[in-house]
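Now for the letters of each chain:
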Amino acid sequence: MVALFIEIKNVSKKFKNHDQEFDVLKDINLEIQKGDIFGIIGFSGAGKSTLIRCINRLETVSSGTIHIGNHEIDKLSKKGMNLYRQKIGMIFQHFNLFDSRTVYGNVAFPLEVAGKSKQEIKRRVTEILELVNISDKKDFYPGQLSGGQKQRVGIARALANNPDILLSDEATSALDPVTSLSVLDLLKDINKKLGITIILITHSLDVIKYTCNNMAVLEDGLIAENGSVRKIFAKPSSETAKVFIKNNADLAKFDYLGGGDGI
Amino acid sequence: MREFLAQVFSAEVWGYVLPATWQTIYMTAISTAITIFFGLLFGILLYITDKDGLHPLPIFNKIFGAIINSVLSLPSMIVILLFLPLSKMIVGVSYGPKAFIVSLSIVCIPIFSRMVENSVLEVAKGKVEAAKAMGASNLDIIFKVMLPESLPTLIRNFVVLTITLISITAIAGSFGAGGLGELAVRFGYHRYRSDILAAVIIVLLVVVECLQLFGASISKKILKKRHLV
Ligand SMILES: Nc1ncnc2c1ncn2[C@@H]1O[C@H](COP(=O)(O)OP(=O)(O)O)[C@@H](O)[C@H]1O
Ligand SMILES: [Mg+2]
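Chains A and B supply the protein sequences, listed in that same order. The numbering of the first sequence is our numbering, which starts it at 1 and goes up by one. The numbering of the second sequence is our numbering, which starts it at 1 and goes up by one.
Excised from the complex, chain A in its bound form:
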């Protein structure tokens, strides 16, 4: 079960704006095991989104390599990249569903793109809508759904092509605590059932604590520390992790008084 799956080696990313250069990722090294739920936490602007966007090549790295299984992803051709992306699902903070398509049509989209037949699409969409428990909304448009329902559709759409990896960029940040929990439960559930490796970005420690086995703390484009969630919670070494854990404890007290939102 424990097998190295995603290997990020010496990855740096620079953005050029006009004549200025920004080092957004600085020499990132990470190893993620197959079947893991891996959390990446950091303050806003730390480079979390940029990092996972490098994994499905929505961004290209400036230097360094990313291996997934036996593939070095920065060596893929354009066509190869599209095939490869079909095997990596992604979900977003603002869902990014297509308003012109029903729930069914949204989930069918990646299958159409992969060139599946009509029957195959129908079979798969039905199956996957059942898995995320939203079959009854099949003919609804995104405009008719609540945030939690939208994210379920987002997850269904991301899973349609049986991906090996699911990338989650703040997928619960726009949801209320109770809905967040149910979405996180769903992620844990599909990780268990399908064995999908999940990489989850968040700025909430509770999300990590509730969902992940391993984690990395990203601080200004650097990995400040990484390891098992339990270990880091017990003995944080980075400034960011300490601040997060302290704030979390304060929030918990606040929660006890009846305010604040846990997740």
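No lab work stands behind these hints, which were simulated from the structure alone. Each hint should be verified, as a subset may be incorrect.
[As the list claims (entries may be wrong)] Short derived list, chain B residues pointing at chain A, Cβ under 7 angstroms:
| no. | residue |
| --- | --- |
| 1 | Gly126 |
| 2 | Lys127 |
| 3 | Met134 |
| 4 | Gly135 |
| 5 | Asp140 |
| 6 | Glu149 |
| 7 | Leu228 |
Where is the CB? At the ideal position from N, CA and C, for every residue including glycine.
Given chain A's structure and the hints, the job is docking chain B with the ligands onto it.
Same frame as chain A, now just chain B with the ligands:
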């Protein structure tokens, strides 16, 4: 007044106005079809070749954008005259509705290209990202995401385009294109036939109003179906 109204709706007046109306509709319809085809093509081309687009080609984009803008910045009357010789080469005549279709399309293609570009630019960036992340090709993104998502806006722009075209056919009318524009100049202006002028105005008002209502209602219907209003 009564007499004037009776004259406006007389068989004599409509004997002039109806054929001219058909000429205007004919010119507008065919130019619209041509404009939609090239406008969609060019608008999408502008969008995808932008430096932040799906397939950046910055130099091509700059040059192409400059050509579009230069046609846009010339008065329609000048563009019509400028392209009449080309019209003649393509359709063989240089007068009548047919001759002006090429010129009219050339006036309108840059307008509609920019409209299309702006409509697809309105589609949230996140949707394009999501499609890319699912391994969609650029063609998939254009035909399965950009165009369907922006359809309500495209329809509204399409109506504005058609109305613009009608008014430009009137300018073409004063150079021998026929249609309502020519009628208005020939009878309304040169022969002081205010009854014919009034009938022309009535037809234009009705046609434009119908188009407006039709476009707005289809656009609204789509938005309603998608539960976006
Ligand atoms: N396309 C881009 N061009 C220039 N700078 C960018 C771009 N994308 C992200 N950045 C910058 O990179 C930094 C990290 O952004 P991001 O990865 O989105 O952080 P996070 O997800 O942790 O909030 C930010 O300072 C942001 O402004
Ligand atoms: Mg982010």
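Now the hints, each set against the structure:
The criterion of a C-beta within 7 angstroms of any C-beta in chain A is met by B/Gly126, whose closest approach is roughly 4 angstroms, and the hint holds. A cut of 7 angstroms between beta carbons decides the hint on B/Lys127: the least distance to chain A is about 5 angstroms, and the hint holds. Given hint, B/Met134 at the interface with chain A, holds; its Cβ is 4 angstroms from that chain's nearest Cβ, closer than 7 angstroms. A least Cβ separation of about 4 angstroms between B/Gly135 and chain A falls short of the 7 angstroms threshold, and the interface hint therefore holds.
Because the closest C-beta pair between B/Asp140 and chain A is about 5 angstroms apart, less than 7 angstroms, the hint holds. Given hint, B/Glu149 at the interface with chain A, holds; its Cβ is 5 angstroms from that chain's nearest Cβ, closer than 7 angstroms. At a threshold of 7 angstroms, the smallest CB-CB gap from B/Leu228 to chain A is about 5 angstroms, leaving the interface hint in force.
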